[in-house]
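Could you build the full structure based on these sequences and the hints that come with them?
Protein chains in written order, with our numbering: chain A, 1 to 459; chain B, 460 to 943.
Among the hints, erroneous ones may be present.
[Stated by the list, open to error] Using 20 angstroms as the maximum straight-line C-alpha spacing, the simulated DMTMM-like pairs for lysine to aspartate or glutamate come out as follows:
hint, chain 1, residue 1, chain 2, residue 2
1, A, Lys-355, B, Glu-609
2, B, Lys-560, B, Glu-609
3, A, Lys-81, A, Glu-92
4, A, Lys-309, B, Asp-523
5, B, Lys-922, B, Asp-934
6, B, Lys-750, B, Asp-610
7, B, Lys-560, A, Asp-420
8, B, Lys-940, B, Asp-610
9, A, Lys-283, A, Glu-185
Think of the hints as simulated: they come from the structure by calculation, not from any bench.
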Amino acid sequence: MNTLIIIALLGVAAMMADALRFKKILLPLIVAGLLAALGFAVAAWNSNLSYYHEMVLFNNYSLAFSSLLIVVTLLWMIISKKYFSSSSNMAEHAALVLFVLTGAVIMTAFSDLSMFFVGLEILSISLYVLAASNKSELRSNEAGMKYFLMGSFATGFLLFGIALIYGTTATFNLAKIASSISISETAGNTPMFVYTGVILIMVGLLFKVSAAPFHFWAPDVYEGAPTIITAFMATVVKTAAFAAFYRLFSTCFHDLTGFWSHAMAVIAAITMLAGNILAVYQKSLKRMMAYSSIAHAGYMLMAIVAMNKISANAVFMYAAAYSVASMGMFALMQSMTDAGDESVDSLKGLSKNNKGVIVFLSALVLSMAGIPPMAGFFAKYYIFLGAIQSGYQWLTLVAVLSSLIGVYYYFRVIFVSLQDNTEGSGHTLNKGQWSLIIIASLISLAMGVLPGLLLTLSL
Amino acid sequence: MITLLLLFVPLVASLACLLFDKAKVKVFALGTSLVNLGILAYSLTLFKSDMSYQFLVDYWWVKDLGISFKLGLDGISILLVALTNFLMPLIILSSFRNDYKNANAFYSLMLFMQFALIGVFAALDGFLFYIFWELALIPIYFICLFWGGEDRVRITLKFFIYTLTGSLLMLIGLIYVYLQTPGTHSFDINVLYSTALSSADQSWLFWCFFIAFAIKIPIFPLHSWQADTYTDSPTQGTMLLSGIMLKMGLYGLIRWMIPFLPEGLEQWGNTAMIMSIIGVVYASCMALVQKDFKRLIAYSSVAHVGLIAAGILSLTIQGMQGAMVQMLAHGVNVVGIFFIADIIFRRMKTRNLDELGGLANNTRVFTILYLIILLGSVALPLTNGFVGEFLLLNGVYQYDAWMAAFAGLTIILGAVYMLRSYQKVMLGEPHARSIEFTGLHLTEKIVLVVVALAIIVGGIYPKPILQTAGPALEDLLAQVKDIY
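This is the structure in structure tokens:
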């Protein structure tokens, strides 16, 4: 709980920074605050406390995800300095980012549907603004607008679903809804509204995690938004959305698994294939990353489909592995945005201009593609394990096929980076981007070699 | 302890390579591989020829999932570890005349490859085996990608995706078997062996594993990545691929498929045998018409390993023994013959057989050494190739006489295409550029002489190999036959 309060207060403080003239120390202050929040999250381990009439419950699941979100945000801070310093609205941007994080933490810790909705909206609305935060650029405005319109629709579905569930069970509390559903399921008289509600909530959430066929907004928004915000969306926001997704479906709708899991399995399969196949044809690295993030959403959906005792850990492992590796890739992406060319071909000469970068970049790419000994492999293994355990061999086979497609386009990044640039000087990375790439690849390696460290969390 | 040394000396050296001076890194890499060879020689003296796993190392890696870091060597695996450690110094030495750019990275990847290969052969935990299996793919991929020929991007990607397909199928299979293990599940090899699988499960699991191994070996019709990759890789990459890496597939058949899928083998073994035999004949015919020397060797290699796979699948002690001998023999011979191709290519700048000829006039030592290695490849009696092929054909004959008849073609066709290549390269009218062919350098001589010696010694006195692998193989066959 302290974690949540600190992050929210940091956001409020950031808003004041302009008026009270401490803009200069704002970034160090945020880093210190986030570290404190992380410390409180770790200290609260195993405490299992619930607050506000059981509106939020900080169990190990939410603490682990909150810590992950904070760590990824800290990594993100390494490359975000330029974004903040180049804008006159630095304080506002920082505040919005912190509010996104606040919403994200709530989304990992809700135990009440209304709280879930509040968290989701805090996150989404801040994000709509951030997507459009590059005011002078048309694409950024378009991204913000598109995200807002599509997001509102999804929110509408979600809210309608919540209303239907509330209408039949007369409570927002997850545990009470679960027991009410469990009673009506055993009696065999579950009202139609519950099923409808579940479908509507599922659609809303699938939209948020950009699963096919609700993924059309993602490439445009990812491409249009400032790269640094895209990085935040692809990692922190996606992690939070999945944390909420799993939390809701594992506690609330567990007894209805037979009803929604087949549909979800098909959606997971389509998402993996669509994301990976469409990524192959992208010329812009940013769009490619957008489609790859769609594909990764498909893998994480597999864990929700499997819904057994290792699924929570699987979602966590995957979110961690994917976020860290993506963050490294976005450091590279940011350097391309700085150079003004986001096409994959503009990576030519990268390896020549930045000695040694290819080693770390390869590590990241291997992790994204899920090849040992990197974290991505272990995460994928864990997802496969869960799916096979629940009897989804066919889904695993689809996942395998789509991973192979993934290898094709991920490795293109390496090929192109290795080529010599015939014209111009090619890319160079600045210090922050360099260090983030190194840190991200080392973390990915460590998580891959010692996966036991994260698995013992047993969420 | 010895296993850990064998495994981690190359890994540490591989990292150290990156720090070394460019000029000295070759020598350092060679030194490390010789040190590892020394450790291996020492372990061979301690090794007892029985069926148990020796030099065991067993730590938990991920305890919650029943994954352990378990390594050990028995008669089967120690021979392959020996092959790896024997060939590695030769392969590194063979690169001394090549001037690779980024030499540090090159030797680092080579030693990393050695680490992964030893891991594959020594792993006694299913998950660990899988990790090493995949790890071995990464360095060879980058070796081919960085230092390969013209069309390397396309070819290496094809190779990578091809092998990864097989690996992931195997992963699905491994996870499934793992989930059938009793209690809290374990990847330990003994637990996996003793897990009862239903006949229907074994039927589809067979293909999960067999495809993975068949791609690596490669067995017809999954061989289409191989000729391109062998031709386009740098010579040392090709040596690693053909000399050691394809043995991973054969070893996988013996250790990670046959023992726990006997019923799957009963259902599909015949199909797999037919595939292997078709590969033998097909690849021999392909080799007959190749113009590129390296491609010719690549196809001859497919023919040889097809026969080895057939010997293993015959499930006879002769076939298995033959497979062990031939794995070592083929590893040594193919490294030798690829090196010869490299020597010629470096001097003549061509591998096209039509543009070569009459080289025998220039250097006598090379002519003789080439002839010995060639005779080893065509399995002349008193060379190492003969012992292996004889036993293999014997095993296949016991399984089915007709198959043995077709498989026997490999000896005839092999002689035809190898002798044809020798004739085109060494004999006949000297080609215009043949005068440029100069004598062998010292490092080249050393490599070829060692290979030639290994061929002759292996042919005259193969008994140590048979003795080392014998008990482990018999035990394995007894287990399988028990379940039948």
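>> Just to be careful, I want the Cα atoms of Lys-283 (chain A) and Glu-185 (chain A) compared with a cutoff of 20 angstroms; is the pair within it?
In response: violated (50 angstroms)
> Quick one, are Lys-750 (chain B) and Asp-610 (chain B) close enough, alpha carbons at most 20 angstroms?
Replying inline: It holds: about 18 angstroms lies between the C-alpha atoms, which stays within 20 angstroms.
>> Given the hinted pair Lys-560 (chain B) and Asp-420 (chain A), is their Cα-Cα distance within 20 angstroms?
In response: holds (14 angstroms)
> Within a Cα-Cα threshold of 20 angstroms, do Lys-560 (chain B) and Glu-609 (chain B) meet the stated pairing?
Replying inline: holds (16 angstroms)
> Within 20 angstroms, alpha carbon to alpha carbon, are Lys-81 (chain A) and Glu-92 (chain A)?
Replying inline: Holds: Lys-81 (chain A) and Glu-92 (chain A) sit about 14 angstroms apart, inside 20 angstroms.
> Taken at face value, is the distance from the CA of Glu-609 (chain B) to the CA of Lys-355 (chain A) at most 20 angstroms?
Replying inline: Violated, at about 24 angstroms.
>> Can you confirm whether the C-alpha distance between Lys-309 (chain A) and Asp-523 (chain B) stays at or below 20 angstroms?
In response: Holds. Lys-309 (chain A) to Asp-523 (chain B) sits at ~13 angstroms (cutoff 20 angstroms).
> When you check the alpha-carbon spacing of Lys-922 (chain B) and Asp-934 (chain B), does it fall within 20 angstroms?
Replying inline: This hinted pair holds, its Cα atoms lying about 19 angstroms apart.
> Are the Cα atoms of Lys-940 (chain B) and Asp-610 (chain B) separated by 20 angstroms or less?
Replying inline: This hinted pair is violated, its Cα atoms lying about 47 angstroms apart.
Hints 1, 8, 9, counting from the list given before, are not met by this structure.
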